[in-house]
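Engineer: Quick note, in this note's numbering, the sequence shown goes up one by one and the last residue is 656.
If you are wondering where the hints come from, they were derived from the structure by calculation, not from laboratory data. Please read these numbers as outputs of a predicted model, since none were measured by experiment. Built from N, CA and C at the ideal position, the CB exists for glycine as well. Careful: at least some of the hints might be erroneous.
Unchecked claim - Pair ranges (Cβ atoms, derived):
#	residue 1	residue 2	range
1	655	51	36 to 44 Å
2	257	319	37 to 45 Å
3	638	475	34 to 42 Å
4	247	411	47 to 55 Å
5	410	322	56 to 64 Å
Stated by the list, open to error - Below, simulated EDC-like cross-link-like pairs (lysine to aspartate or glutamate); rule was C-alpha separation at most 16 Å, straight line:
#	residue 1	residue 2
6	55	71
7	615	342
8	99	62
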Amino acid sequence: MSGSTDPIVSQSLDKITKAHEEGFLSATAVENIRNWLTETRYAGYRDQVVEHIDSQRWKQLDDAFWTIIPFGTGGRRGRMYPIGSNAINDRTIGESAQGLADYTVQTLGDSQPLSCAIAYDTRHKSRHFAEWCAGIMVANGFKVYFLDEYRATPQLSFAVRYKKCSVGIMVTASHNPPSDNAVKVYWSSGAQVLPPHDEGIIERVLDCQEIRHVPFAEALADGRVEIVTQEVDAAYLEEVAKCSFPGPRNIKILFTPLHGVGALATLPVLQRDGFDDVEVYGPHAEPSPDFPNVPGHVSNPENKAVFDEPIRYAQTHGHQLILATDPDADRLGCAAPVTLDTTGPWATLTGNQLGVLLADFILSRRMASGSLTPEHYIVKTLVTTEMIRRIAVKYGVRCEGELLVGFKNIAATMDKCGPDHFVFGTEESHGYLVGQYVRDKDGPVACMLMSELAAQLKSEGKSVHQRLAELYIEYGYHQETVINLVMEGSEGMAAMKRLMAALRNDPVRTLGDMPVVAVRDYSNLTLRDLTAVNPLDDSAVSSIQGPVGDLIIMDLKESGNYVAARPSGTEPKIKLYVFARLPEHESADLETAQAKVAKRLEGLEIDMRDFAQTHC
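Hey, can you work out the whole structure from these sequences and the hints?
Structural biologist: This is the structure:
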């Protein structure tokens, strides 16, 4: 029954209308608040909404209601707040699980018994949300395999495949701030949901009226929820071990889980692979949702600052490699001494640099063992360095690189092209995978392979940075950077749309003193030739092949130099990916090449920021 006849609700509706007229609430927030006040499905949250209105907490209300939290590249992710369509709370998490259940029942229900694997990380309310989701799936006829205690995202992907589940749910917001949480939704392949399943799930999430639920304790007692933590742990460890290569293991490692789940999965993997000299960095060891001892309380291995204190510790304690995983342990970060002198300078490695080093290591070891053929392939995304492709060419394997951002697209490519010939998958945001046992990026296996590479190089008298320098001389000096243009709230969303429209319709003509010669628009798979006589005319537009998505790539005159732009699928920002390269003949003097490329990247970033500021 609608609550619109309730005098309290009527007064609240009048108040939010007035707040909108006075500029305190956006029109979309008013619409969504009205729904939560009047629709039966939100009745349990009505009193909290009314209390916010009576207290005139307009900022909190606008933030929580200005939109409906979307499914992005990593699922449904956002800031936790007890009410709101744009917040992570029991209602939005419950809608997600119920929508997943409804779609799966309709799609698979008649063909097989339904089951769901569920895991969670160290974040605030992760355990609560995991039990909440389990109770919803059970109420809809699913058997739930539950990973009790904190576990890594790749272990959830593995559990889906190992237990032959219909779907999976991982409760994590990865490297987001402590205020956030999320659900990542997985299909039976162990990969995050892709078309057409994602659209089908979203449709049912948005149309969710009733959330059906069984108490977790009841479902656990009667066997509809089964704890499988130890079983999955052992099987996962066995499969990861199969991806190792023989070689030296004599290296002293400092590992930081950045207050997340990483130690629970990574330490057994390293120990099983023969790495006995591994220390967990004490200040980051405690699993904590507040990430107290990392800069800004953001546990992101992409952020160089998280390595500052561990590097100082390593320099005084003789460690030769620092490995880090993000809170849900699906990504790898790394720092190493520039030379083998551990007391000297250290430097971190970007996601692209790690991808390059691992690709070369894995392909070289596979070639040496005779287990590499022209049918084999590696996979990367469109915003991952093209140096990966050049390495693949050298080893005579294929590189599948026309992929949108998101490791689910790498997983889909594995299944499309055949997992038996898959060698390595990588993306610039520190995600890596070998093997067939999961369909998501895997921090522990990446830690294992990076340790093997560093130990091998140490035995040859080289550091990982010295090996990277050799690769730059061989393939040309490549360097990349990512610019994050944060645009929060309803105003930020409008600014993001304006900027993406400007890049498409009034493209920038010069970046870093280099002409922009073409704009590739993956939203409609077109290329605009900016060297044409009338570059804004339809005659300057041609078709391209590739995936369809909200991505623009601006190609510069000098080959290998370009800038990509895309709205983030998980955070309120536009990400600009800047790529610079010098050919091999200009890279022999590496110090000069580095200085030239650094200056070029600086110019490209300045010009892109100026363009963004003008058009936002």
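Engineer: Does each hint hold? Answer for all of them.
Structural biologist: So, going through the hints one by one against the coordinates:
{"no.": "1", "hint": "655 to 51: 36 to 44 Å", "verdict": "42 Å, holds"}
{"no.": "2", "hint": "257 to 319: 37 to 45 Å", "verdict": "39 Å, holds"}
{"no.": "3", "hint": "638 to 475: 34 to 42 Å", "verdict": "36 Å, holds"}
{"no.": "4", "hint": "247 to 411: 47 to 55 Å", "verdict": "49 Å, holds"}
{"no.": "5", "hint": "410 to 322: 56 to 64 Å", "verdict": "44 Å, violated"}
{"no.": "6", "hint": "55 to 71", "verdict": "13 Å, holds"}
{"no.": "7", "hint": "615 to 342", "verdict": "14 Å, holds"}
{"no.": "8", "hint": "99 to 62", "verdict": "13 Å, holds"}
The structure does not agree with numbered hint 5 stated previously, though it agrees with all others.
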